[in-house]
Every structure is written in C-alpha cells, then in structure tokens.
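Asker: Chains as they are written, first to last, in UniProt numbering: chain E, 1 to 99; chain B, 1 to 495.
It cannot be assumed that every hint is accurate.
Said to hold, decoys possible - If the Cβ cut is set under 8 Å, some of the chain E residues that face chain B in the computed set are:
hint, residue
1, Lys-40
2, Arg-64
3, Gly-80
4, Phe-89
Unchecked claim - Listed below are the simulated EDC-like cross-link pairs for lysine to aspartate or glutamate, each with C-alpha atoms no more than 20 Å apart in a straight line:
hint, chain 1, residue 1, chain 2, residue 2
5, B, Lys-90, B, Asp-289
6, B, Lys-99, B, Asp-297
7, B, Lys-321, B, Glu-350
8, B, Lys-99, E, Asp-75
9, B, Lys-90, B, Glu-21
10, B, Lys-3, B, Glu-21
11, B, Lys-406, B, Glu-432
12, B, Lys-90, B, Asp-297
13, B, Lys-140, E, Glu-86
14, B, Lys-475, B, Glu-441
15, B, Lys-140, E, Asp-83
16, B, Lys-140, E, Asp-75
17, B, Lys-140, E, Asp-87
18, B, Lys-3, B, Glu-277
19, B, Lys-364, B, Glu-336
20, B, Lys-321, B, Glu-117
21, B, Lys-3, B, Asp-259
22, B, Lys-99, E, Asp-83
Read the hints as simulated data drawn from the structure, not as lab findings. Quick reminder that beta carbons are idealized off the backbone N, C-alpha and C, glycines included.
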Amino acid sequence: MSTISREEVAHLARLARLEVTDDELDAFAGQLDVILQSMKTLAEVDTDGVQPTSHAVPLVNVFREDQPQPSLPRDAVLAGGPDTAEDRFRVPRILDEEA
Amino acid sequence: MTKLNTFEQAVATYEPVLGLETHIELDTATKMFCGCSTAFGAEPNTQVCPVCLALPGALPVANRAAVEATIKIGLALNCTIASWTRFARKNYFYPDMPKNFQTSQYEEPLCENGYVEVVVEGEVHRVEIERVHLEEDTGKTLHVGGTTGRIHGATESLVDYNRAGIPLVEIVTKPVPGTGALAPEVARAYTAELRDIVRSLGVSDVRMEQGSLRCDVNLSLNRPGEEWGTRTETKNVNSLRSVERAVRYEVRRQSALLDAGERIFQETRHFHEATGETSPGRSKEEATDYRYFPEPDLAVMEPSREWVEELRASLPELPRKRRERLQAAWSLGDKEMQSVVNADAVDLIEATVAAGSSPAGAVKWWLGELSRRANESGEELTALAITPAQVAELQGMVDDGRLNDKLARQVIDGVLAGEGSPAEVAAARGLEVVSDTGALEAAVEEAIAANPAVADKIRGGTHAAAGVLIGAVMKATKGQADAATVRQIILDKLS
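So that you can see chain E by itself, here it is in the shape it has in the complex (with noise of 0.2 Å):
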C-alpha cells in the first residue's frame, strides 16, 4: 500500500502544472512512495537537540550595496523564453486578476 494516494500525487502534478495520465498517476505514486520510505528510514535518526541545517554554508548577513549593475540585453533575455511580442513574453492566458 503506497503512502502517498493517487489524489496526492494528482494534486502535486496541478502545482506544478504537469499534465500526467492515469497510468502515470499510478506509476509515479510507486516512485514517490521509494523516496517517501527512505525518508521515513532517515527520519528514524535520533536528532534531539541537532538544528535543523537549511544552508550548506554557515554564513551570514551577505548583503549587496545599492549600486545598479548592467541587466542583460533584451533579445538575450527574450531568447529564453517560447514565444514573444511587443517585447515581452507571450504565454497562455493568465486566470487570475490583473497583477
């Protein structure tokens, strides 16, 4: 038995607005549930009194001063995009309010 479901998985292929089939919804809560039981195994690990580590580095207090930099040409930053007009990219409509 997978301990992730079918509408989990479902519901984190919308987030990421992939469109995934059935079959894949199956396939991928098997993968899934791999990573999930070796989490599970790590999770076992005593870490009373350890810091939960969110940066590799421990640095602090890296700051930039205010001062510009040049941005990157426009048809560089185009480039990268699927599809383009009036200098901007053009992408799928938008279903929400206007930002």
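Model the placement of chain B on the given structure of chain E, informed by the hints.
Answerer: For chain B alone, kept in the frame of chain E given last:
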C-alpha cells in the same frame, strides 16, 4: 444576488472584524536580489538579468538598503526586530515570476508584533501589527486578445519582468475587532497613517495610484458574543477612499447573506473602482499550496543590536510628532486638526503655508471649498487639479483685497478647469474686486436712486437696511465689489 443591507442595518446586527495586508514597493535604486535598476517606465524587459530569470548558476544577494528600510519600517511601527531571520521560497507556477517561486519570508519575518494608533472621531484605535516582512515584487502582465482585453476575455498574456524582483515590504495587521460602525474609517485611517509613516522614512514614494502601496482588505462579521465569522479578502484596493468603500461594501454584502441564513465563503474578491462593489475571484479553498521552504541561496540574516539601534537613532520625525508640531504652529484645536488629518490635507496645507499663505487661509480653502469640490467629483483632495502654490496665490489675492471669497470661488472653477494660475484665471475671466472708488460710488448712487425708501430708512439711522443697497451694488458689479467698502460708501453718503 442577495439584496444589500444598508450599512446602518448591518452594523446594528453584526460586529465587523478587519484585517489589512499592505504591500509597499521600496524605492531602492536596485532590485532586491540583483543589481538591476528599478527605474519606473523603462522599456519592457530591459531591467532583467540572470538572477531575475533564475537562470542556472545565478546567485541572488540581498540588497542591504532594502533590509535597512524594512527594519526602519518595523521600528516606526513599534515592532520587535528579529535577531535571526531568513528568506523562504513561496512556490507557485505562474508566469508573473519566471523563477516558479517568489522569494519571500515565512516563519521568520524581519519584524513582528508592532502597533499603529489612529484617531477616528476622537477615539484612539490601536491596530496591532502581526508582521513586517521583505519579499520581491512580481512581473507585470498584459492581457490581450478576447473581446474586452480584460482577464476573462483574454486569450494570452504578455509579461514584462522589469518589476519582478523590486523589493516589496508586506505589512500584516492582526485581526482588528471592536471598530463597529467605524470599521471603514478605521481601515482608511490606518492605511493613511501607514502611508505617512513610510513616506516620512523616505524609503518609498507610497503612491497608491501608481501601485507602490497596495492594500488587501480582510473582513468578517459576527453577531455580538459569537465567534468571529469567515473572512473574505478583497485584493488590490488602491486608494484611501477605496479602502473605506471596500469595507463598507463587504459589511453590507456579508450581512445580507448572513441574514438570509447563507454562509460566507473564504475567498478572494476583487474591488471595482467604478461601482464600489466587490466580486468573487479565485476561491481560497482551491488556493495554491505554496510549499514554502527556506531559501538556500540567500544567507541567513542576523541583524545585530548595534545595527538596529543605529537605524532607530536615524529615524526622522514621525507623522504623529509632526502633526503635533504643525497643529501648534497653525494654532488649530484638536477637532480641527483631526479634520485636516481625515481630509488627508496635512501635506497640502503645509505646502500651502510654505508657499506663503497664512495657516488659517490654507486650512479654510482645503477643508472648505476644495474638500467640497473633491467630494462632488468623488476624487481624493490630493488629486484635485490645483496645487498648494496656487492656493497660496489665491489666498494672497484675497489678502490684497483683489478677490473676495465669492470671486475666489470662481477663480477656483477656472483653475480646476485647467485655465491656468489664479492670476491668469482672474485676468482672463475679468474677476477682480472693483477697487476703483469712482465706479463704486457711481454704482452706490444708482442703487440709492433706485431704492429711495431704503435710503430714507438708512438716513433715519436704520443702518441694517444698507444690506439691500449693498446687494444692489454687488449685483450691478457682478459680485466684484468688496462688500465692506460698499457699505462704508453707502453710510458715508447717507449719514
């Protein structure tokens, strides 16, 4: 659609609980995590770099000036400044951010637990601040295609990332209960106070009409003694007047639903400037799960006590202190000063006085005639097409005896209609007090001749009757005479 209750009906039955989320764009020279310029109005996608686009290998670094500005805002709002704080990724797939996440703060905001006090109708309302955190703004989308160009008809969106990454400070209040029928005014007063505080710090131009200060209004209703109700969140309410109207509308709408035995859905709503109504947006029940996690690419921040105290010491005079100083300088009573604050006229009057007007004259115009005009046209006072310098000029003309109040009001008509400065309008429209004594005397003679019975009364000592003749002279001179001068001439002639 349920019929709305009147606001008075609604607050007689229900108690509103307010909550306000405000986003303020900082006016740093560069973006939050990279050196791209933040200058407004640049060509689309010309202020974009690998960090903005989250290209592989790009490394964001926090802007010190933005962190300092946020700490200053926190201090001015009486917050505690975190000694350990970090950024977090708010994950969502949406083209307004090319990174598929927005860098924000989650469990460890930079500032927490502050308050702002506002005075409404002589009562102090304390609005508690939950948190002040630092994040980045999103790109701007332009919706094209479809029938209206508005979102529902749009078939595609065009995205400009110049704004993506500009430092954004989010200020969230705790729920504000207990405001009753004053909820709309308290919401407005809080927003105005917050704006004034941030402006005094010089860290943002906080212009609501340009989107550098944006408000989300949360509101719920409950019957007295019952638990708080389900809240709605009205997004992007972008003027002080709209904040007030959005609260008022939601109170009316929700109370009607509750009266009808219906339930309120927790949802996002949009405010419509033209009608003052709200309409449902995306439902919160399907809202995206943001899966926040600590941002590994940005170092943890540990603001030292020395740094924080240095910033505290650098805080300028805050609005409350400034208002006290100006109230004394202008010799206003508490109530009058409160009217000035509520009309959002402090800056306008200060600028008018600085331009040479007497405080009393400046207060009189802005709170009187000009407030009336703003109300009539449904505009903010600050949006009226007359500048403080022009009001000072107008008052100067009144002081010099070149205009009386009636003529001055006609001059205001001209200035508001874009006909130029007060002097230009007065010249072009021929509006000037007749100071030519000869012309006035002639007009007085005519009035006496036309009203012999009245003239006799005045000769008999009934000076109050002079009003009739003054009226006749004013009519003959189209209001361009100084009434006191006319009265003197009449009395001189008839005694």
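Asker: Which hint numbers does the structure go against, in order from smallest to largest?
Answerer: Violated hints (numbers, rising): 1 and 10; every other hint is consistent with the structure.
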